[in-house]
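For reference, the chains in residue letters:
Protein chains: 2
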Amino acid sequence: MVDAAQIISEAAQKARLAGRTLVASTNEVRRGALIAIASELTTQSDRILAANAIDMNRAQSSGMAQSMQDRLLLTSARITGMAEGLRQVADLPDPVGRIINQRTLPNGLKLTQKTLPFGVVGMVYEARPNVTVDAAAILLKSGNSALLRGSSSAAASNLVLVEIMREVLSKTLISSDAIQYIPSDDRSTVTALLHARGQVDLVIPRGSAELIRMVVDEATVPTIETGAGVCHVYIDDAADFTKAIAILINSKTDRPSVCNAAETLLVNQSIANDFMPLALSALNSHGVILHGDAATQRIAQENGISVGLATEENWATEYNALEMNVGIVTDVVAAIDHIQKYGTHHTEAIVTENEEHANQFIALSDCAAVMVNASTRFTDGEQMGFGAEIGISNQKLHARGPMGLDQMTTTTWIVRGNGQIR
Amino acid sequence: MVDAAQIISEAAQKARLAGRTLVASTNEVRRGALIAIASELTTQSDRILAANAIDMNRAQSSGMAQSMQDRLLLTSARITGMAEGLRQVADLPDPVGRIINQRTLPNGLKLTQKTLPFGVVGMVYEARPNVTVDAAAILLKSGNSALLRGSSSAAASNLVLVEIMREVLSKTLISSDAIQYIPSDDRSTVTALLHARGQVDLVIPRGSAELIRMVVDEATVPTIETGAGVCHVYIDDAADFTKAIAILINSKTDRPSVCNAAETLLVNQSIANDFMPLALSALNSHGVILHGDAATQRIAQENGISVGLATEENWATEYNALEMNVGIVTDVVAAIDHIQKYGTHHTEAIVTENEEHANQFIALSDCAAVMVNASTRFTDGEQMGFGAEIGISNQKLHARGPMGLDQMTTTTWIVRGNGQIR
Numbered sequence: 013m014v015d016a017a018q019i020i021s022e023a024a025q026k027a028r029l030a031g032r033t034l035v036a037s038t039n040e041v042r043r044g045a046l047i048a049i050a051s052e053l054t055t056q057s058d059r060i061l062a063a064n065a066i067d068m069n070r071a072q073s074s075g076m077a078q079s080m081q082d083r084l085l086l087t088s089a090r091i092t093g094m095a096e097g098l099r100q101v102a103d104l105p106d107p108v109g110r111i112i113n114q115r116t117l118p119n120g121l122k123l124t125q126k127t128l129p130f131g132v133v134g135m136v137y138e139a140r141p142n143v144t145v146d147a148a149a150i151l152l153k154s155g156n157s158a159l160l161r162g163s164s165s166a167a168a169s170n171l172v173l174v175e176i177m178r179e180v181l182s183k184t185l186i187s188s189d190a191i192q193y194i195p196s197d198d199r200s201t202v203t204a205l206l207h208a209r210g211q212v213d214l215v216i217p218r219g220s221a222e223l224i225r226m227v228v229d230e231a232t233v234p235t236i237e238t239g240a241g242v243c244h245v246y247i248d249d250a251a252d253f254t255k256a257i258a259i260l261i262n263s264k265t266d267r268p269s270v271c272n273a274a275e276t277l278l279v280n281q282s283i284a285n286d287f288m289p290l291a292l293s294a295l296n297s298h299g300v301i302l303h304g305d306a307a308t309q310r311i312a313q314e315n316g317i318s319v320g321l322a323t324e325e326n327w328a329t330e331y332n333a334l335e336m337n338v339g340i341v342t343d344v345v346a347a348i349d350h351i352q353k354y355g356t357h358h359t360e361a362i363v364t365e366n367e368e369h370a371n372q373f374i375a376l377s378d379c380a381a382v383m384v385n386a387s388t389r390f391t392d393g394e395q396m397g398f399g400a401e402i403g404i405s406n407q408k409l410h411a412r413g414p415m416g417l418d419q420m421t422t423t424t425w426i427v428r429g430n431g432q433i434r
Numbered sequence: 013m014v015d016a017a018q019i020i021s022e023a024a025q026k027a028r029l030a031g032r033t034l035v036a037s038t039n040e041v042r043r044g045a046l047i048a049i050a051s052e053l054t055t056q057s058d059r060i061l062a063a064n065a066i067d068m069n070r071a072q073s074s075g076m077a078q079s080m081q082d083r084l085l086l087t088s089a090r091i092t093g094m095a096e097g098l099r100q101v102a103d104l105p106d107p108v109g110r111i112i113n114q115r116t117l118p119n120g121l122k123l124t125q126k127t128l129p130f131g132v133v134g135m136v137y138e139a140r141p142n143v144t145v146d147a148a149a150i151l152l153k154s155g156n157s158a159l160l161r162g163s164s165s166a167a168a169s170n171l172v173l174v175e176i177m178r179e180v181l182s183k184t185l186i187s188s189d190a191i192q193y194i195p196s197d198d199r200s201t202v203t204a205l206l207h208a209r210g211q212v213d214l215v216i217p218r219g220s221a222e223l224i225r226m227v228v229d230e231a232t233v234p235t236i237e238t239g240a241g242v243c244h245v246y247i248d249d250a251a252d253f254t255k256a257i258a259i260l261i262n263s264k265t266d267r268p269s270v271c272n273a274a275e276t277l278l279v280n281q282s283i284a285n286d287f288m289p290l291a292l293s294a295l296n297s298h299g300v301i302l303h304g305d306a307a308t309q310r311i312a313q314e315n316g317i318s319v320g321l322a323t324e325e326n327w328a329t330e331y332n333a334l335e336m337n338v339g340i341v342t343d344v345v346a347a348i349d350h351i352q353k354y355g356t357h358h359t360e361a362i363v364t365e366n367e368e369h370a371n372q373f374i375a376l377s378d379c380a381a382v383m384v385n386a387s388t389r390f391t392d393g394e395q396m397g398f399g400a401e402i403g404i405s406n407q408k409l410h411a412r413g414p415m416g417l418d419q420m421t422t423t424t425w426i427v428r429g430n431g432q433i434r
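So the protein lines, in turn, are chains P and W.
Going by our numbering, the first sequence opens with residue 13, and the numbers climb by one from there.
Going by our numbering, the second sequence opens with residue 13, and the numbers climb by one from there.
Everything labelled a hint here was simulated from the structure, so no lab data went into it.
Just to be clear, a hint being listed does not mean it is correct.
Identical copies go unnamed one by one, so any copy, or any two together, can satisfy a pair.
[Unchecked claim] Below are the BS3-like pairs computed for lysine-lysine, each with C-alpha atoms no more than 30 Å apart in a straight line: (1) Lys26 with Lys122; (2) Lys126 with Lys255; (3) Lys126 with Lys26; (4) Lys183 with Lys26.
Make a model of the complete structure from these sequences and hints.
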């Protein structure tokens with residue numbers, strides 16, 4: 013019988029010791045390691061594709077959904093993409109050792125607050141094997157050891173990717189124990205990882221809303237809640253209709269499966285009769301299934317568009333699909349009331365030409381990112397210039413919004429004296 | 013029967029709505045409210061002392077320990093002290109609305125990352141009623157609503173302090189629901205508070221190690237682990253003995269009951285024969301009870317000083333008293349190995365004149381604050397120039413080390429466009 017707690021404990025101890033080689037490493041050493049991994053991935057693509065074929069065969073014979081199979085699949089092009097991502101992360105500025113604060117106290121003590129790695133970071137994620145490489149890259153670059161617990165459906169692919177990365181590390185100054193594969197045969201390793209407080213510094217979940225919820229509910233290890241996005245687009249009475257339609261359609265349909273896609277449209281009642289027919293027909297022509305309140309249904313009916321009655325559950329659902337809720341509200345505060353009730357503090361957008369309304373919406377919206385006259389799709393590390401992203405936090409502690417390299421560090425105070433006492 | 017979940021839910025809802033008046037308030041309004049509370053506390057000191065007398069009577073008749081009674085006691089001087097603290101917090105710079113990041117993207121989007129309040133913050137704390145006022149001041153100043161769950165032993169004192177603060181707020185633009193007393197009759201309100209995820213943004217425990225452990229283990233609401241401090245002083249082979257003795261004695265004896273006091277002395281073996289007799293006799297003359305490893309015991313015996321054999325439990329204990337562990341280690345790395353095994357990532361000190369040893373200790377010590385040739389007692393918000401402190405974090409997420417006003421904020425990204433889509 014596998015003792016999951018022991019697996020995690022041993023992995024964490026090795027990772028902790030490997031952390032010393034990371035702490036001792038320069039940015040140039042970490043950069044070199046990432047570039048070496050990138051070229052090794054392309055060199056060894058046959059080995060990776062062979063492992064992936066095992067996972068794909070198992071997926072097909074177990075009748076995995078086509079969309080899931082697509083996420084699991086690796087191709088030469090996808091391997092090249094992973095290698096490209098590694099090279100990009102390699103060249104980003106070093107997040108370790110940045111000085112956040114510096115001062116000299118009247119008693120002569122010199123205070124410096126600096127960034128440093130968390131230490132041992134666990135990732136719990138689903139299907140896509142490229143997360144194995146993306147996450148390892150960000151963690152390695154930021155000086156953290158990585159415990160990678162992917163999906164059992166991608167076990168063969170993940171294992172070979174970790175093996176290749178470790179083989180490359182073994183030829184560098186960084187210990188190969190800085191990247192570790194955590195077996196995914198059963199749930200017990202996840203549970204053990206989430207309870208390894210003191211051994212693991214941070215666990216980041218990446219995947220479905222259920223996975224994230226499970227991690228957040230169960231973990232005693234510090235964790236960052238990522239991703240769940242019930243995002244709203246509020247069309248104000250002072251909105252430019254052309255911008256409003258473009259932003260609405262882009263927010264909903266550009267990539268419905270991701271967390272920064274919009275799930276609910278809220279329209280100010282004083283423009284509802286004019287704007288709603290345009291909005292509903294645009295959504296309808298993009299194949300979006302609609303759920304609305306009674307007032308919206310009335311307007312829809314007059315315009316021959318089918319809108320189901322939105323339930324409490326609808327308003328709170330992250331569809332991740334071409335499906336949307338539509339409601340009519342009296343003003344900015346009513347829009348915010350709705351958002352506070354059903355939102356997930358991810359991204360909220362207002363379309364308005366009225367600066368005062370925009371400011372009121374910003375002040376009250378209480379989320380990771382507020383968009384004024386822009387698509388909700390811009391809450392994204394790459395779009396916002398972070399260079400790389402390990403996830404989007406929608407909690408308020410530590411990082412909020414896209415998390416890049418800087419967010420994978422903590423800080424320490426270094427206090428230098430010459431014998432000062434109190 | 014009291015339904016604790018409902019008490020917390022109602023309090024949190026009121027606090028959330030009151031948060032809108034805080035978000036709308038200027039720094040001047042919040043400052044004025046704090047100054048008004050300060051003067052009202054002194055004006056109403058008879059009312060406060062009368063309430064405190066109820067708590068003190070109950071404490072005496074239940075046979076509460078004298079040291080606990082002293083923590084519970086309020087006097088005119090202590091009320092003046094609370095008022096003074098309020099005025100200090102009132103005059104600190106506004107932590108809300110600080111711009112952390114600002115950039116314009118190639119597509120014209122203007123990004124601004126700003127600080128804003130968490131929203132609803134719960135405090136769970138023990139005996140001392142002044143925490144009620146100190147915590148409310150920091151939370152109010154940083155724009156957060158406060159749910160205050162103090163100890164049942166201080167119930168009458170805490171209630172009247174909250175009443176006075178609310179009375180003052182009712183005459184300002186800030187809703188009095190921004191400060192709320194949570195009943196402490198039984199444990200159920202703590203449990204409910206710790207599970208009010210989505211309703212409460214953050215819970216901060218303040219008190220004993222057991223309280224903090226319970227909060228961290230049980231909470232599904234985000235929390236910040238504060239305070240537990242098994243701090244070490246490592247005397248390097250390149251130490252100046254005069255500085256070393258002064259720092260050792262100050263770290264252990266200046267105020268043994270607090271978290272930044274030292275619990276363990278580690279001495280480099282190559283100076284042990286010379287340094288240890290000085291250290292042990294200095295500690296002994298300050299009445300410090302000693303536990304040591306075998307090598308230390310041998311030196312102690314030669315010098316006629318009593319040192320018990322340190323157990324595994326000793327090395328991991330935060331004594332909060334005049335009691336200390338003493339060990340001999342081979343070098344900086346061995347000292348760090350010991351610290352990683354038994355420490356709590358709070359404060360570690362090295363005494364050395366060797367810059368390389370200092371840097372190695374800093375790089376590997378993995379704690380909130382590292383002292384080089386200075387007392388561990390300097391890990392303190394006021395000493396480090398924070399102005400006020402709500403606790404000392406020894407976790408790595410969000411804030412690490414002393415937490416002042418800035419640490420009681422989160423951030424949001426404000427993205428302004430003119431119709432941008434992806």
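Status of each hint after checking the structure:
1. Proximity of lysine 26 and lysine 122 under a CA criterion of 30 Å is satisfied in neither setting, with 34 Å inside one chain copy and 44 Å between copies.
2. In this assembly of identical chains, lysine 126 and lysine 255 lie within 30 Å of each other by CA distance solely across copies; the values are 26 Å between and 43 Å within a copy.
3. In the homo-oligomer, the alpha carbons of lysine 126 and lysine 26 lie at most 30 Å apart inside one protomer (25 Å), although the nearest pairing across protomers, at 39 Å, exceeds that limit.
4. Proximity of lysine 183 and lysine 26 under a CA criterion of 30 Å is satisfied intra-copy only: 18 Å inside one chain copy versus 59 Å between copies.
Checked against the numbered hints above, the structure violates only hint 1.
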